[in-house]
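Input sequences plus hints: build the corresponding full structure.
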Amino acid sequence: MYKVYLVGFMGSGKSAIGRRLSFFLKMPYYDMDKEIVRLQNRTIPEIFEQEGEAYFRKVETDFLENFRNESCIISTGGGVAMNEKNIEVMRRTGLVLYLDATFEDIWMRIKSDKNRPIVQNSTKEELEQLYKTRKWFYKKAAHITIRTEHRPLRQITEYAGYQVNRLKGE
Numbered sequence: 006m007y008k009v010y011l012v013g014f015m016g017s018g019k020s021a022i023g024r025r026l027s028f029f030l031k032m033p034y035y036d037m038d039k040e041i042v043r044l045q046n047r048t049i050p051e052i053f054e055q056e057g058e059a060y061f062r063k064v065e066t067d068f069l070e071n072f073r074n075e076s077c078i079i080s081t082g083g084g085v086a087m088n089e090k091n092i093e094v095m096r097r098t099g100l101v102l103y104l105d106a107t108f109e110d111i112w113m114r115i116k117s118d119k120n121r122p123i124v125q126n127s128t129k130e131e132l133e134q135l136y137k138t139r140k141w142f143y144k145k146a147a148h149i150t151i152r153t154e155h156r157p158l159r160q161i162t163e164y165a166g167y168q169v170n171r172l173k174g175e
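When we follow my numbering, the leftmost residue of the sequence shown carries the number 6, and every step to the right adds one.
These aren't lab readings, by the way, just hints derived from the structure by calculation. Just to be clear, a hint being listed does not mean it is correct.
[As the list claims (entries may be wrong)] Here are the simulated SDA-like pairs of lysine to any residue, each with C-alpha atoms no more than 25 Å apart in a straight line:
id : residue 1 : residue 2
1  : Lys31     : Gln168
2  : Lys90     : Ile52
3  : Lys140    : Met113
4  : Lys119    : His148
5  : Lys90     : Ile149
6  : Lys39     : Ser127
7  : Lys129    : Arg156
8  : Lys119    : Ser20
9  : Lys116    : Ile41
10 : Lys145    : Ala59
11 : Lys145    : Asp105
12 : Lys116    : Arg97
13 : Lys119    : Phe28
14 : Lys137    : Asn126
15 : Lys63     : Tyr34
16 : Lys137    : Arg152
17 : Lys173    : Lys137
18 : Lys140    : Asn120
19 : Lys173    : Glu70
20 : Lys63     : Arg139
21 : Lys144    : Glu54
22 : Lys39     : Arg171
23 : Lys90     : Gln45
24 : Lys90     : Val64
25 : Lys119    : Glu54
26 : Lys63     : Val124
27 : Lys119    : Met87
28 : Lys144    : Arg156
29 : Lys119    : Phe108
30 : Lys119    : Glu65
31 : Lys173    : Thr98
32 : Lys39     : Asn88
33 : Lys31     : Thr150
34 : Lys119    : Glu109
35 : Lys31     : Leu172
36 : Lys90     : Glu109
37 : Lys145    : Tyr7
38 : Lys173    : Val124
Structure (structure tokens):
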């Protein structure tokens, strides 16, 4: 069993790369946030509103510990790597790829996204501070960091696929 986890800040391209990587490597792909929404039968904004962030973070950890015993690609939520236990589970059960995008690229993608509670309730400056704080955790979680700036999705996908295939053989 071999999982490939994509970590990075919201809007860094985890879902877009995950879908393409699934096709490229012929492995199933799961978006962690979408799976949590399905399992909880409510949206992430609803979970945050009804239960709070601490509850949501526990749901993320439970997901990582118990999700499907199969080789697959999982794009994680932006806050997953903030938890030591999550980092340990991901590193133990698979390969962690950090999609390292610039804050300006991310801001252009997320600034008007209504499905991200944190974007709706934060200023650009607050989000940039969160980005800077989280970056250290993504690097700590990652086996491999992939810089995405000025690179087309195809090139990022091919590089990620090359790394997965290279390390699968070990």
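Evaluated hints:
no. : hint            : in the structure
1   : Lys31 / Gln168  : 15 Å, holds
2   : Lys90 / Ile52   : 21 Å, holds
3   : Lys140 / Met113 : 18 Å, holds
4   : Lys119 / His148 : 32 Å, violated
5   : Lys90 / Ile149  : 19 Å, holds
6   : Lys39 / Ser127  : 23 Å, holds
7   : Lys129 / Arg156 : 24 Å, holds
8   : Lys119 / Ser20  : 17 Å, holds
9   : Lys116 / Ile41  : 23 Å, holds
10  : Lys145 / Ala59  : 22 Å, holds
11  : Lys145 / Asp105 : 13 Å, holds
12  : Lys116 / Arg97  : 34 Å, violated
13  : Lys119 / Phe28  : 28 Å, violated
14  : Lys137 / Asn126 : 18 Å, holds
15  : Lys63 / Tyr34   : 22 Å, holds
16  : Lys137 / Arg152 : 15 Å, holds
17  : Lys173 / Lys137 : 31 Å, violated
18  : Lys140 / Asn120 : 22 Å, holds
19  : Lys173 / Glu70  : 21 Å, holds
20  : Lys63 / Arg139  : 18 Å, holds
21  : Lys144 / Glu54  : 30 Å, violated
22  : Lys39 / Arg171  : 29 Å, violated
23  : Lys90 / Gln45   : 21 Å, holds
24  : Lys90 / Val64   : 12 Å, holds
25  : Lys119 / Glu54  : 14 Å, holds
26  : Lys63 / Val124  : 21 Å, holds
27  : Lys119 / Met87  : 23 Å, holds
28  : Lys144 / Arg156 : 20 Å, holds
29  : Lys119 / Phe108 : 19 Å, holds
30  : Lys119 / Glu65  : 21 Å, holds
31  : Lys173 / Thr98  : 12 Å, holds
32  : Lys39 / Asn88   : 20 Å, holds
33  : Lys31 / Thr150  : 22 Å, holds
34  : Lys119 / Glu109 : 19 Å, holds
35  : Lys31 / Leu172  : 16 Å, holds
36  : Lys90 / Glu109  : 30 Å, violated
37  : Lys145 / Tyr7   : 20 Å, holds
38  : Lys173 / Val124 : 36 Å, violated
Checked against the numbered hints above, the structure breaks hints 4, 12, 13, 17, 21, 22, 36 and 38 and satisfies the rest.
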